[in-house]
Amino acid sequence: MTSTPRRFPLPRLIGLALWLVLLTLLSVWMGAQVPRWLPVSASSAAPLVDGLFGFETAVATFVFVGVVSVMVWVVLFNRAEKYDISDAEPIEGNTTLEITWTVIPLVLVMAIAAYTIQVNRQIGLIGPMDHAHGPALGGGEVQVIARQWSWEFRYPVAGVSSTELHLPLDRRLGLQLESDDVIHGFYVPAFRLKQQVIPGRSITLFITPTRAGRYRLRDSEYSGTWFAANQADVVVESEEAYQSWLSRAARLPLQPGLSDAAREFAQQRSGERPSGYATIQPAPPPLVNVPGSNTLPHDG
Amino acid sequence: MTISTSHDAAAAPQGHGAAHANHSLTGFIIFLCSESVIFLAFFSGYAVLKLSALQWLPPGVEGLEWRTPLLYTVVLVSSSGTVALAERCLSRGKLWGFRAFWLLSMAMGAVFLYGQAIEWRSLGFGITSGSFGGCFYLLTGFHGLHVLSGILLMALMLQRSFRPANYAAGEQGVIATSLFWHFVDVIWVLLFLLLYAWS
Amino acid sequence: MTSSAGVDARILRAPHPVPGAPDNWKRFFTFNTDAKVIGIQYIATALFFLLVGGLLAMIMRGELITPAADLVDRTVYNGLYTMHGTIMLFLFIFPVLNGLNNLLIPCMIGAPDMAFPKLNAAAFWLVPVFGVILMASFLVPGGPASSGWWSYPPVSLQNPLGHLINGEALWILAVALSGISSIMGAVNFVTTILRMRAPGMTLSRMPIFCWTAFSAQTIQLIGLPALTGGAVMLLFDLVVGTSFYRPEGGGDPVLYQHFFWFYSHPAVYVIILPVFGVFSELFPVYARKPLFGYPFVAGASLVIVGLSLIVWVHHMFPSGVPQWMRDAFMVTTMLIAVPTGIKVFAWLATLWGGKLRLNTAMLFALGGLFNFVFAGVTGIMLATVPVDIHVNNTYFVVGHFHYVIYGAATMGVYAAIYHWFPKFTGHMYYEGLGKLHFLLTFIGTNLNFFPMHPLGLMGMPRRVSSYDPEFAFWNVIASLGAFLLGVSIIPFLLNLVSSWVRGAKAPANPWNAIGLEWLLPSPPPAENFEEHVPTVISGPYGYGTGRPLVEHQAEIERALQQA
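The listed protein sequences derive, respectively, from chains E, F and Y. Positions 0 to 299 (numbering that gives the first Met the number 0) are the ones given, in order, by the first sequence. Positions 0 to 198 (numbering that gives the first Met the number 0) are the ones given, in order, by the second sequence. Positions 0 to 562 (numbering that gives the first Met the number 0) are the ones given, in order, by the third sequence.
Don't read these hints as lab results, they were simulated from the structure. Among the clues, some could well be false.
[What the hints assert, rightly or not] 20 angstroms max Cα-Cα, derived PhoX-like pairs, lysine-lysine:
| # | chain 1 | residue 1 | chain 2 | residue 2 |
| --- | --- | --- | --- | --- |
| 1 | Y | 354 | E | 81 |
| 2 | Y | 117 | Y | 25 |
| 3 | E | 81 | Y | 434 |
Sequences and hints are given; from them, build the entire structure.
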């Protein structure tokens, strides 16, 4: 643009530079706001995701506000006078500019991609191709079974089952995701992790919880009628508390676990609740040592 | 080239009809390209299912017998040759030669379909026998439908050849039909390699 | 050769029965082969289904205004959201764009009609047919399809009543017919553009709208058959009991996701490319400047076609695809930002230093661009794997694509409808009502779809019929926005109907625009230029250059004014 000084005299250039500085400050500030929009970060992956998202938010703000400020400028200052039907100055293109705005975005998105690939490596959600068929027991300490519509968590070593997921703090551990019927999604927003649970496959997902508390696990892949009600709680606690929970739970007798779907379905059967179209019947609540709760207040 | 054609079409007083046949062939070729993607989708689905299967063949099935199908494959592929001969006859104005080769190609297509029907009846598995059974019947059946459509198209072109002076200046329909036939043949060769040769 | 006598003869001949003539309503309900009639049939049908789909959306937002599932049963909600998506895509946005294609392509390239008029009419009439089939699925036992517009197996294969005729089967049938209709349309549009351009209109002189329509229809030709193949296998699984996707029979449910997204991601470009075309046509007219960098804008469309076919796995980052695939598809997805950026910057440069006229069409184009840029930056966020893993299948994605499909595409369609309304109806629209429509739409869109982004970041999954109370605040705002969008349709329809019936008579070129379609009377005769097609001698968008578009332009314009 500097090649046409007639159109950009000095005061304009200073104005432009000032605006760019303001825009940059605004973008940096927006990037810093990101933690306020996200749930608490409770896993080792979360700060990496949030950092990337903050960077992207800053870039996005710069691009969006930059484009919009050009639009606002032309709408305010480049309007035709009421009875002016003449044409504007015919500029049909500028190859230098075209190359500039091809190369800069290209470099920018490739930089974002490189940054992302690096974050990917660090998170290392699943190693390449380790989600083989069949029960490939790859260090899965907890077996997660998704059903229409309930979650069951089994701790094979301790001989415990539950409908509330308990995890030890600050230890990397594998969750072995399995589905009895359709595709579900294992999603804990506070962990920033999500994985489809695919029938016929056993997928190991590694998690390192970093913050004690009670979080929400949501089904993230549409799974039919009670999809929205297919939620469970995740309790992250210290290693000692976790171990004592396991040993206490192992002594408890089996009882029906939580299933909001089964409860609502029973209400519909008895006429307490109106019903709609035909539906697949919910699987009976799994028999577990600890039903736990999914109504207690949760963090973030 | 495209430009001049449309120019001619617009400039010629009765250009509408003459140009239209030309468009038909363009449109038909575009359609064939698009159609080939369905087969590509089926082929890749087949490959993915086969490569990731723990047990590919249904219980009790050893594999597909390939010798007889190979024979029918030769029949179908050589019918591409007879179609080409038919077209040559037409371009030289030998209408009866065209009809003879055209009819022969139709017969060879019918023989292929017959062979397919015999094979289907003799197989020890059905369409619901795992993903292998589904793939086999879907692929051969979908291709068979194309062979059938090809034969019907050829019958239509044959019937048109009896209209006086209809084919005097060549016929786009014949070109399109023979293109379709070659397409169906190429697909079969790929299908044969995938289903019978790759095991 | 086009002589001045020929031009006069064309203009002075008694006009053909044209769309909009008061005695001529019947032709819109017949198997008419005139592209301009078919175009209006498409648009009218699509607007009807926009109302249906919008009504479903408002019921959904009514349900979501409170956290509990209390307004409708969960099964009904699931049916509603499935049908909302299906109707809006297959019965609103695709048909309305095909309507624009039908109206604009032949006129813009100087062709008398489409290459295959009967095929064109057949393609249109399939739309009401599968529309009725889809609507009828509300009446079958078990209700309509309720597995989302993706129809992922195994959920979509669950058939609680076991009937052969069920909502899901009718859904697949309707989508298949829609695919056939789209393929028929695509063959027609591509052939028309390739073979029926006016003399002198080389590819490098073709209006950008035709470039983008060509690109979009090429995607249809490559992508749709893949979806059709996948849908055939789904139908077999559902009806015959095969196991292509059933894990218990050795099938692979993720295979369907590949088929589905191989088409359905490029489908977004089928939708947005013609809208890019609309922006590229409108900005030069209302900024009174040539389009900045025409060859780059045209070429970028083709680059987008190529890239659109190799990005589909970005919808499947949480599906258990290997890491290298995630990385590779993230990079290809990111690359799409480059040609898209070229277009956005070209539009900004076109506007820069122009003489803007902010009528309704221009306002919608500017508003559409605003929303598109917002959708673009959230799109980049979605491309990066770790962020996508967090927000995938949450309301963040819902917000993103509604900004694309309503904020950018539908507002672009509104812009196009207003811009070309005088051309094809022969009447001017009312600016006041139009601006009211714009204001309500722009505010409604942002009120409805912006809150979905914070919701998604907080972790609210999409497709839920109930949600945790912490999401209530933003949901209430979104619902209010949805109801405002519902209201915004009223001035629009009022404007269309009343302007068509009693709007001021439109001149041939009310916007002083450059293009072959503006060298035709408003509305154009049935065969457009018939045999007097002008010879194109320069590229489009010569605003301010004083360069005539065609030979004998002055005479044609004079004849048009006299007529």
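Quick one: which hint numbers does this structure break? Sort them smallest to largest.
Result: no hint breaks.
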